[in-house]
Amino acid sequence: MSLFSSLRHRLRAIVSRGQVERDSAEELRFHVDMATRRHEESGLPLGEARRRALAEFGGVAVAAEGVRDERGTRLFEDLKQDTRHAIRQLARSPAFTLVAVLTLALGMGATTAIFSVVDGVLLRPPVLQDADRLVVLWETDRQSGTTREPASWPDYLDYTREARTLKATAAVVGGDVSLTTDEGEPIRASVMAATWGFLDLMGVKPILGRAPAADEDRPGSSLVVMLGERLWRNRFAADPGMLGKTVRLNDEAYTVIGVVPAGIDFGLDQIYARAAYHGPWLGTGDVDAWVSAGQTVGNVPRNSHPAFMLARLADGTSLAAARTELEGLSAGLERAFPENANRGVFMESLMDVTLGPVRPVLMVLLVAVALLLLVACVNVANLLLARGARRLREVAVRVALGAGLGRLARQFMVETVLLTAVGALAGFGLAQFALRALLALAPADIPRLAEVGLDGRVLGVTVLVAVLVGLVFGLVPTLQSFRVDVMSQIKGDTPLAGRPAHTLRNGLVIAELALSVMLVLSAGLLVRSFLNLMSVDPGFRTSGILKAAWLLPPTRYPRDFQRFPNWEPQHRFTNAVIAGAGAIPGVTSVGVAGTHPLDPGFTNSWSIVGREEESRTFPEISVRVVTPGYFKTLGLVTTGGRVFEETDATDAAAVAVINRTAAERFFKNQDPIGQQISWWGIPRRIVGVVQDERIHGLTEAAPPAAYAAYAQAPMQTGVLFVHTEGDPFAVAGQVREAIRTADRQLAVYGVEPLESTLVASVGQRRFAMLVMAVFGVTTLVLALIGIYGVLSYATAQRTREIGIRAALGASRERVVGLVVRQGATMTLAGLALGVAGAFAGSKLLAGLLFGVGRLDGPTYLMVSVAVLGASLLAMWIPAWRAARIAPVEALRRE
Amino acid sequence: MPADRSDVLQGTLDLLILQVLAHEPDHGWGLTLKLEQHSDGVLLVNQGSLYPALERLTRTGAIRNEWRVTENNRRARYYLLTPAGRRRLAVERAAWRRASAAVNAILSLAGEAP
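Respectively, the protein sequence lines represent chains V and Y. Using my numbering, read the first sequence as starting at 26 and increasing by one per residue. Using my numbering, read the second sequence as starting at 997 and increasing by one per residue.
Heads up, some of the hints might be wrong.
Derived contacts from chain Y toward chain V, CB cut-off under 7 Å, selection only [unchecked claim]: (1) G1024; (2) W1025; (3) Q1043; (4) G1044; (5) Y1047; (6) N1069; (7) R1073; (8) R1082; (9) A1086.
Beyond 12 Å from chain Y on every Cβ pair, some chain V residues (computed) [stated by the list, open to error]: (10) E90; (11) L344; (12) G894.
Away from chain Y, derived, C-beta distances all over 12 Å, residues of chain V [claimed, not checked]: (13) S30; (14) E359; (15) L464; (16) V784.
Please keep in mind that the hints were generated in silico from the structure rather than gathered at the bench. Where is the CB? At the ideal position from N, CA and C, for every residue including glycine.
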């Protein structure tokens, strides 16, 4: 009870402070007046009565102070006063305050933003249960040397039945469909066909409805679909009434039986990205809908491999033990079935598959940002040190006047905490902005990017860092003030150059410079890598081309393998699109391909007619299906023979074109033109050889590839390429319209200039480069501020000395030389350390470099020169100021 | 200043204030007069030292105050004992009796009148 009333009392004293003080003053006044009157009544004159009353009272101010002490708000009052004083002090040196706050904001803001990304992508556990027990079961092909291939359905069933070390399994097959409902345009939806146990395997419950049952996962069972959370929210406004409704996927009616939470498709994009080949799956983004795998691929024979297998390790089993068992099982299958010749299994943890590729980049980022924070903290510490040195005199005077060292320490603490708090606030704002920029720039194939946000955890970490930084920095001026020699400060006998303080400050600046050099060097290497990458000739024209993609639904475009390649609907559609697009003004050529240039597409085993024995040792060849216009549109250079023409029609002789790699590898001693190669059981005559296209992306050499004419090998997927004279994006609308005219119900997607696709493909590298460059420049600027600060402070300190030297006849150049020499020493030391550090740490970067060695001479040289030049600039102002010091002014005590 | 007084005297002052207020509410000046009159001027070194004590007692909830008008039509702050204060008074009185009895006992050991 006494605690409560005491609290209330204190609160009132804080809230109505003015009134409380006035009451106290009035009360004391009353007492003294009454005492005075008593003395008056006993005969004393007014003046004497009052004097005696005051004497008896014992000091009104003292009593008032005593009352204030007892009020229990002393600490609070003192802190308020300290804060006001701190604000005044900080406002008095605006340059210092601004630079310190900005530096802190930069450091903390960057740290918060990067940590948010790393937390959201790497650290936060995925929505799956015990995700570290999930594995991907790839199949391998010893003959082609691939280790990450999809599996066949019968294999999946066999493994599921036989494996003891696996608790549960599931298979997934990805695909794209046109999704239509009763209203609205058809949209392209990414669909994953999964086995009925998939939700259980992942340990996830549906948000709405239920998972499919076992008997809904067989060929011929009723068509059911589960919607992905994001599609449900975006397209269907999270309507619970969707349960039981019908949606059409590729014109077939499916009943909605439930909704699955976002995040359940963790890793599936990455599985597709890392697979050696796969069916049509455009990846990147959430899975929109889930259907039954059993229905989709349940009848597919053992020699076809559409499905990816996932499994959960049995309790207590290790990955190694499971691997051993599975390898044994696959050997058994190989013995039992000729279709499984040379096929094995490879088990990999799902976490590794998903996060493995992205971990190095994020770790590099984390290290970089930690360095940035370090540099920022060092800078602020330096600034505080310099400022503390300037205020030594003030501190000395206050100590002489009786200020307790504890009180002084508390005041410095308040000042630095205030500084840090403002910096942290600004930093948080900066972090919001930086995070948005990061997410905009980041490549789409970083997993879980959608889940990244500034959340409580991150805020907590930032606050913690801010508090630590504030407390540590608070010590800096405090410790300084403890060492103050009061008398000499007041007398003004400043030592000519305090040795220990100098060393500390110089050391800090050198460290800063070294750190920033490391970052700038890394950035330089990454920039060069990126430039190298961008200058790689992809083998096809990239500018001025718009692409658009579609997927023909099998309901209206049946895949009748008896009549292949006479697929009337597909040819009708494709020709209509080509004609329509070709008619658009400004379009110079049009082509259609089964897949777009940077999509590896599929590979096939093949043979050269007449060299079948030898062909068995050939690796699989990449196959591309294209219309005649493709070659001209993409600017592929013909190095021999001819490319497809209109005469290579559906009923004409089957032809093929191969790329130069294939020609050089397999036709070393003969002219490929005229030879026949065969795949899918159809022999085709080679009519030409073209330059390589970098099918697997800019960083990898082109594989051997063969082209088939679309008229002779139609596909369900298609990509239209339109070459225009002007900006390709300008014709986007007309291109869409041309496609829609050919088929109003078809979903069109991926409409973008080919350049964007190319840039997106190097997304990760570009991202790392941009971020590193920003970091490098920021830290360099901070380091330069550090140099400037230290030098200008040193100059100010040595004003007297410089004045004396000037008075004794030292020329201006010599004085400037003094300053520059000090600065140059620091710079060279920092540069040397930084280069050494970059040397050592460049291993981290190895995975991101392209065409540039770790120890690339030109880069190191360029960066060193740039840094030297920049620090010369930073030195210039203090040096110039030093030279202008007039001896008379300097010798006069300021 | 309260900090300079010995703990004994500070605690005693609190006890005395509570006792005086137990009879009737009064303002600081009135308390001063009563303490002077009833103790022959022994107790208050400085009159001003009353006020920090009053503040302390208010903060801990033993007394409360309100502004009233005196007979001379002046505004003054009157202090009243709270129920908690009454309990505290009883406790302090008992403690004082015990303490003074002990002190007296020791002093009389030496054979002198305490």
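Verification of the hints:
1. G1024: Holds, about 5 Å.
2. W1025: It holds, given that the least Cβ distance between W1025(Y) and chain V is near 4 Å, below 7 Å.
3. Q1043: 5 Å, holds
4. G1044: Status holds, d = 3 Å.
5. Y1047: Result: holds, 5 Å to nearest chain V Cβ.
6. N1069: The hint is violated - N1069(Y) has no Cβ within 7 Å of chain V, the shortest such distance being about 12 Å.
7. R1073: 5 Å, holds
8. R1082: Hint on R1082(Y): violated, closest Cβ of chain V at ~13 Å, above 7 Å.
9. A1086: 15 Å, violated
10. E90: With a cut-off of 12 Å, E90(V) comes too close to chain Y, as the shortest Cβ separation is near 7 Å.
11. L344: For L344(V), whose nearest Cβ neighbour in chain Y is about 67 Å away, the distance exceeds 12 Å, so it holds.
12. G894: 64 Å, holds
13. S30: Violated: least Cβ distance 4 Å, not greater than 12 Å.
14. E359: 88 Å, holds
15. L464: Label holds. Min Cβ-Cβ 54 Å, cutoff 12 Å.
16. V784: 70 Å, holds
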